[in-house]
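Chain by chain, the residues run as shown.
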Amino acid sequence: MQSLYYSLILFLLLTLVAGLWRIRRGPTAADRMLAAQLFGTTATAILLLLAEASTAPALHDVALVLALLAAITVTAFTRRVRGLRSADLGLVDATAGKDAPVGEADGEDSARSRKPLGACAGERREGLARDASPDPASDLASGLSSGSANGSANSAAGGGHAG
Amino acid sequence: MAWLNLLPLAIDLVLALTLLWLAWRALSSPDLFRAVVLFIALGLVLGLVWVRLDAVDIALAEIALGAGVTGALLLAALAKLQPGATDSAEPASAAEFAAALEGDPDTPRPALAERAATGTAPIALGSTLDERPVGAAAGTAPIALRWLIALLLIPPCIGLGLVVWRLWVPAPGLTDLVAARLDESGVTYPVTAVLLNFRGYDTLLELAVLLLALIGVWSLSPAPHLDDAEPEPALAALSRLLAPLMILVAAYLVWIGAQAPGGAFQAGSVLGAAGVLLRLSGWRLSPRATGWPLRLALVLGVAVFAFIGLAVIGLGQPLLGYPAGWAKPAILAIELAATLSIGTILAALFIGGRP
Amino acid sequence: MLVSLSILLLLAGAVFFLAGTLGLLRFPDVYTRLHALTKADNLGLGLIVLGLMLQADSLAAAGKLLFIWLLLLAASATAGQLVASWAQGKGIKPWRG
Amino acid sequence: MNSVLVFALAGVGLILLGLHALLVQRHLLRKVLAFNVISSGIFLILAGLARRAPGAEPDPVPQAMVLTGIVVAVAATALALAMIQALRTATGRTRLDDDGED
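Protein chains in written order, with the working numbering: chain A, 1 to 163; chain B, 1 to 355; chain C, 1 to 97; chain D, 1 to 102.
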């Protein structure tokens, strides 16, 4: 039984770490926050299993606190981070390509996230978020979306009502 | 059972590597928002690490703070630092904007600067935040300097690693000493005994430091203007459901701290998180309560602690030396007051600025 | 009997966690990923909680486990709704086909 | 190889990463993050040292110190963030540049 618990914990930990990859890749801020949400559920399961595996009932309290507070970070994100620039919404790579030579640190990242993602062909079309001020941002957005086939339809549809 | 010994080690290795990976990415990511989210994840992984280190108290505090306060604090600060964020304390003026752009000689953007001057610039691009993605040189030191610093840092850190390695003789530390005198402490849980009895002066000063940090924040600026929209119905319902439960759990943690992991700092963290949630869902303290009642709640922990610590001198005891038989009620009184103060201070730190 | 049922529930829970993470990594946009997280992961947690409840020492311990799960259900549902409406407010288009 | 030692050495790694970022990064928010990473590393070493005796109860004294330290670190972070905002209000800058004129 013990080894089953520990195997499950290791397994859940690995799914958690794999999910953290989404923070890195984005592309929108909301995607990054999802990983924080993933943490609430998976870490609670890990804590409950650890409590059983190491017979430490006090860990139930830790899991209780985590479950109780799991929504706060995401709430803070949706309530506070409103006027974020489009760079933070996943357009950072494109602006880098347009404005200046890309430094080595973000070059690696931008190259990776601009790559078409295999099975998920639709991935390239997302993240066409508009900033709080629609008109100056929209030329930026449409410039970006030209990479995908439906880009123009997208930016036309989502034009006016942002923010 | 080789399995049984290897599996926990594998878990710990995964945790340690995740910790290092997250720290590295959080500190080197070109995007500030991503850095903050990675840092929040780092805090939660640390919570699991504390559990693996048998430090359940620390895990409670880390998870309560990491999930409830730190993340909200950093995200709110990030939003306020945005040049044109709608809920920033002061809108960035066009002149300030242009000055910020001029400060970057390596990014000539005449069109943008022009738009900035007319006040219609897309806040999307250049900014006083360093996240103009124009190469590593902008946000960090030159690459040669970075490598030099890295090389210079490696020897002291190898030294530190060696010290840790050499210290690794099995030693009980102060465990036995604490266990021997646990009966006199008034509680049956060693960490609480250390916090509130054996090293009470330390905890008293920590509470004072918390208060000092809040005084620092209050002295910098008045409270930010509240222009929160009405909360979404789901959020309003959630805060109505969770905030009372958080207060209940905080009380539970204080009570259980006498014999199991829990206590004032963990409970205060949960209470602070309740304050953060209430604030995020648009709740605000009535103006009548922001005067002396708020200040009383803030200083109550230090005041009760110091009062009891000094009062025992009158009974012929040393400073903070509780007389026999009185340790348990004294600790409980101090813990309740400290929980209230820590929670209020944390919530006030999140709100920022004096009311 | 009870133990094997418990093991079965724990394993099924782990499968749902795997499904949730796969969805988070492979689904095409933020709305679909939200589905993966808030549904699959919470179902997985529910199964694990159920499996652990079967082995709990006391009714109180089992009740605590159930309570933790209900809390997370409320938190995840709300957080999912908030993120989705945030993304919609930002004009992030849902993926179609 | 002991898992407690793994975490203590990871703590040393965190201190290294944090110190490097503290010296190299120019944005003040990143410096605050680096400062927090360093303190996490120190806490890890301390909590690891509390667990040196295998199988025995952990040493409560370092644990109590780390416990209060975490809460104080959050308060210090909040103060630092407030100071960054004050700096930005006063000068419009959030970075420390070597070649900054103002």
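Calculated directly from the structure, the hints in this document are not laboratory data.
Incorrect hints may appear among the rest.
To be verified - With a straight-line cut-off of 25 Å between C-alpha atoms, the simulated SDA-like cross-links for lysine to any residue are:
#: 1; chain 1: C; residue 1: Lys64; chain 2: B; residue 2: Ala243
#: 2; chain 1: C; residue 1: Lys64; chain 2: B; residue 2: Pro231
#: 3; chain 1: C; residue 1: Lys64; chain 2: A; residue 2: Thr55
#: 4; chain 1: B; residue 1: Lys328; chain 2: B; residue 2: Ala243
#: 5; chain 1: C; residue 1: Lys64; chain 2: C; residue 2: Ile7
#: 6; chain 1: C; residue 1: Lys64; chain 2: A; residue 2: Arg24
#: 7; chain 1: C; residue 1: Lys39; chain 2: A; residue 2: Thr55
#: 8; chain 1: C; residue 1: Lys39; chain 2: C; residue 2: Lys64
#: 9; chain 1: C; residue 1: Lys39; chain 2: C; residue 2: Ala62
#: 10; chain 1: C; residue 1: Lys39; chain 2: C; residue 2: Met1
#: 11; chain 1: C; residue 1: Lys39; chain 2: C; residue 2: Ser58
#: 12; chain 1: B; residue 1: Lys328; chain 2: B; residue 2: Thr175
#: 13; chain 1: C; residue 1: Lys64; chain 2: C; residue 2: Leu50
#: 14; chain 1: C; residue 1: Lys39; chain 2: C; residue 2: Met53
#: 15; chain 1: C; residue 1: Lys39; chain 2: C; residue 2: Leu8
#: 16; chain 1: C; residue 1: Lys64; chain 2: A; residue 2: Ser7
#: 17; chain 1: C; residue 1: Lys64; chain 2: B; residue 2: Thr175
#: 18; chain 1: C; residue 1: Lys39; chain 2: B; residue 2: Pro233
#: 19; chain 1: B; residue 1: Lys328; chain 2: B; residue 2: Arg354
#: 20; chain 1: B; residue 1: Lys328; chain 2: B; residue 2: Gly309
#: 21; chain 1: C; residue 1: Lys64; chain 2: A; residue 2: Trp21
#: 22; chain 1: B; residue 1: Lys328; chain 2: B; residue 2: Gly353
#: 23; chain 1: C; residue 1: Lys64; chain 2: C; residue 2: Pro28
#: 24; chain 1: B; residue 1: Lys328; chain 2: B; residue 2: Arg199
#: 25; chain 1: C; residue 1: Lys39; chain 2: B; residue 2: Trp147
#: 26; chain 1: C; residue 1: Lys64; chain 2: C; residue 2: Gly89
#: 27; chain 1: C; residue 1: Lys64; chain 2: B; residue 2: Ala251
#: 28; chain 1: B; residue 1: Lys328; chain 2: D; residue 2: Ala73
#: 29; chain 1: C; residue 1: Lys64; chain 2: A; residue 2: Pro57
#: 30; chain 1: C; residue 1: Lys64; chain 2: B; residue 2: Gly309
#: 31; chain 1: C; residue 1: Lys39; chain 2: B; residue 2: Ala234
#: 32; chain 1: C; residue 1: Lys39; chain 2: A; residue 2: Arg24
#: 33; chain 1: C; residue 1: Lys39; chain 2: B; residue 2: Thr175
#: 34; chain 1: C; residue 1: Lys39; chain 2: A; residue 2: Leu10
#: 35; chain 1: B; residue 1: Lys328; chain 2: B; residue 2: Ala311
#: 36; chain 1: C; residue 1: Lys64; chain 2: A; residue 2: Leu13
#: 37; chain 1: C; residue 1: Lys64; chain 2: C; residue 2: Ala12
Said to hold, decoys possible - Stretches of chain B that chain A covers, calculated by requiring three or more beta carbons in the stretch to come under 8 Å of a beta carbon on chain A:
#: 38; region: 11-17
#: 39; region: 210-221
We treat Cβ as the ideally placed atom computed from N, Cα and C, and that holds for glycine.
Hint-by-hint comparison with the structure:
no., hint, verdict
1, Lys64/C to Ala243/B, "holds (18 Å)"
2, Lys64/C to Pro231/B, "violated (30 Å)"
3, Lys64/C to Thr55/A, "holds (15 Å)"
4, Lys328/B to Ala243/B, "violated (29 Å)"
5, Lys64/C to Ile7/C, "holds (20 Å)"
6, Lys64/C to Arg24/A, "violated (35 Å)"
7, Lys39/C to Thr55/A, "violated (29 Å)"
8, Lys39/C to Lys64/C, "holds (21 Å)"
9, Lys39/C to Ala62/C, "holds (22 Å)"
10, Lys39/C to Met1/C, "violated (29 Å)"
11, Lys39/C to Ser58/C, "violated (29 Å)"
12, Lys328/B to Thr175/B, "holds (21 Å)"
13, Lys64/C to Leu50/C, "holds (12 Å)"
14, Lys39/C to Met53/C, "holds (21 Å)"
15, Lys39/C to Leu8/C, "holds (20 Å)"
16, Lys64/C to Ser7/A, "holds (24 Å)"
17, Lys64/C to Thr175/B, "violated (31 Å)"
18, Lys39/C to Pro233/B, "holds (21 Å)"
19, Lys328/B to Arg354/B, "violated (36 Å)"
20, Lys328/B to Gly309/B, "holds (14 Å)"
21, Lys64/C to Trp21/A, "violated (32 Å)"
22, Lys328/B to Gly353/B, "violated (37 Å)"
23, Lys64/C to Pro28/C, "violated (37 Å)"
24, Lys328/B to Arg199/B, "holds (15 Å)"
25, Lys39/C to Trp147/B, "violated (46 Å)"
26, Lys64/C to Gly89/C, "violated (37 Å)"
27, Lys64/C to Ala251/B, "holds (16 Å)"
28, Lys328/B to Ala73/D, "violated (29 Å)"
29, Lys64/C to Pro57/A, "holds (11 Å)"
30, Lys64/C to Gly309/B, "violated (38 Å)"
31, Lys39/C to Ala234/B, "holds (17 Å)"
32, Lys39/C to Arg24/A, "holds (23 Å)"
33, Lys39/C to Thr175/B, "violated (45 Å)"
34, Lys39/C to Leu10/A, "holds (22 Å)"
35, Lys328/B to Ala311/B, "holds (16 Å)"
36, Lys64/C to Leu13/A, "holds (23 Å)"
37, Lys64/C to Ala12/C, "holds (21 Å)"
38, 11-17, "holds (count 3)"
39, 210-221, "violated (count 0)"
Of the numbered hints listed earlier, those contradicted by the structure are 2, 4, 6, 7, 10, 11, 17, 19, 21, 22, 23, 25, 26, 28, 30, 33, 39.
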